[in-house]
Amino acid sequence: MSVPAFTGSNVMDVDAAKIRGAGSNVHFDKVSVAYGAHVVLHPLTLDIAPGEILAMIGPSGSGKTTALRAVAGFVRPASGRIRIGATDVTDLPPYERGLGMVVQNYALFPHMRVEDNVAFGLRAQGADKALIGERVKDSLATVGMSGFAKRYPRELSGGQQQRVAIARALAVRPRVLLLDEPLSALDAQIRRNMVEEIAKLHRDLPGLTILYVTHDQTEALTLADKIAIMRDGRVSSHGPTVELYRLPPNRFTAEFLGRANLLPVTVTEGATGPKGFATARLGDALLAGAARGEKPGDKTLLCIRPQHLSLTGDEEHTNRIVGTLKEVHWQGELTHLVLEVDGTPVRVSATRLPVSLPERGSAVPLFFTPGDTSLVPEDVRG
Amino acid sequence: MADAAVLPAPAAKRVPGRFWIVPPAALLALLFFYPLVLIVQQAFMDDSGMANVGEFVRVLHARFFLNALINTITISVTATAGCLIVGLVLGLILAFVPFPGSGVIARLIDTFIALPTFLVTLAFTFLYGSAGMLNAGLTEAFSLQAPPVNFLYSTWGVVLAEVTVYSPFVLRPLLAAFSLVDRGQIEAASVLGARPFRIVRQVILPAAVPALIAGGSLCLLLTVNEFGIVLFIGAKGVITLPLLIYSKAIQESAYQVACIIAVINIALSLGLFGLYRFAAGRLGA
Ligand SMILES: Nc1ncnc2c1ncn2[C@@H]1O[C@H](COP(=O)(O)OP(=O)(O)O)[C@@H](O)[C@H]1O
Ligand SMILES: [Mg+2]
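For the record, the sequence lines run as chains A and B.
If you're matching positions, the first sequence starts at -15 in my numbering and goes up one per residue.
If you're matching positions, the second sequence starts at 207 in my numbering and goes up one per residue.
Do not rely on the hints blindly, as some may be mistaken.
Stated by the list, open to error - From the derived model, a few chain B residues whose C-beta atoms are all more than 12 Å from chain A: (1) 290; (2) 314; (3) 391; (4) 395; (5) 398; (6) 404; (7) 405; (8) 472; (9) 474.
What the hints assert, rightly or not - Computed footprint of chain B on chain A, listed as stretches where at least three residues anywhere in the stretch have a Cβ under 8 Å from a Cβ of chain B: (10) 104 to 111; (11) 346 to 354.
Keep in mind the hints are simulated off the structure, nothing from the lab.
All C-beta atoms, glycine included, are put in the ideal place defined by N, C-alpha and C.
Could you put the whole structure together from the sequences, leaning on the hints where they help?
Next comes the structure, spelled out in structure tokens:
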């Protein structure tokens, strides 16, 4: 794989075929950012592989935008280096970094037609006319906006404007695409469609490295190869999406990525057997789940997702706890139950229910498999 | 009677509502339209009270009038161009180059609008006048016979003073327009590879065009009518329309000539004001 050397305006020389196989990695090397005495990014070390979609998620104010803007060149790190491909970009101005960026409010140029918005980057980089025409056409086609080239941004809906913003970023064939809450301004329905379209876009341009900042876990889970969860200016956890969801490394991750029931347990037996399940005690119940090197006597949390709890047992659902039924919310497709187990509320999302629901206040057994269960350490706040 | 306006019944509201046009209209008529009519009347009437367009035509072709007209337009256009350049450069710096205290500077320049125009001219006399600090310093340092810096007593002196006084009138609407420019657009342009100069040209300026037109036409209007600065500098040969009206009316008691020139000056002003309102309307002001 040949990564083209990047010197200012020669991004133009990278043609479409090359970009497919030749994304750049992004490397944060102990990057910290402070506003005065206020440290908003603690030394961050993180690598985004070429062609990877990394979703950076976390609550508002956790430093996601700051990290993204450091890559773009709008925030100067107090320490550390940022590399894109082989280039150390820490000291380069934004216009020499060869990136694409899309933000929440689209930031289209209001006095330019769609086609001129999309051509803007190429013109700025001195591309020749023929190339510009071709790229504008391609980019608009990629986002399904070919019929809107002559419109002004104000003549488009929010979703259409965001497509144009994406086309504008893609037209310069960026080495890395930075997306900061790109769908947050859109309606839920359009947002779902756009998530799918971004996924499709990445299938068409598999070499494109994407840093996707969002506070929406659904977007992250749908799109990302890997997820970095931010908390208070630090990476709380980082890993492949499925792994992070199935085996969250800490309470914060478990609760931020999807819903999770976290029950305090005491480990009775460390990981054993081919599947490496550990055993832990909750009241009278002994429960098995994926381990992280716990030892007998350790106090930890048992994590089980609401949709993995069943009201009926079988030979696979060998974990069993008993709770007191507190609330039932029927929502058509799903029924949400809230129970109390050993003083901890436990949520259940069930698609199928027994013909007769148990009464409120009665004791209800819940079943789940060790494969859906994991032990999660309590957060150590640093 | 004033409380009639807050009554909910439409019938009770309509009659007193009409009445309220009278006081402002009367005041306007007395203070504005009547004098205007008098001036126009004077301009087209000779001493015997007969309508006479001949004098009007004669003045239009007179050397002294044409010179003053050319002077007025030259000074006004040059000063306005200067104001646009100074206002634009200052505005870009104040709005887009982050430096501590930029807000204070912007407010300070704003305060400038409140000051009388001759103040700057007076200060200029102290600084650049023949007995001013600059000339005194240079004469002493190089043992010169005559003051070396003489630009103040020329068209350039007037233009410089007007640029100093009126640049804030461009700066103000520009800063308002700049504050509305989405910083995200500037950043998007920058990421796409645009250098600062291109961003100013293609992203910032298009958003500021109405502000530039509004500020520029206001400057044209104010400089066409400027009297204090021109009089104060008192450059020989630099006669503008307002100065000409003054000298014809007060010094030569040639009232009809003064009124003829005044009518032309008023027409010029109203035209520029129309341009300003048009631009300000586009600006949403
Ligand atoms: N220009 C700034 N000056 C001072 N503090 C800032 C600035 N930008 C962001 N911050 C602070 O940095 C922290 C992280 O902000 P941000 O990166 O925008 O968070 P996120 O995108 O995760 O919501 C917040 O506490 C915010 O108040
Ligand atoms: Mg943010």
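Against which earlier hints does the structure fall short, listed by number upward? Hints 3, 4, 5, 6, 7 and 11 contradicted; others consistent.
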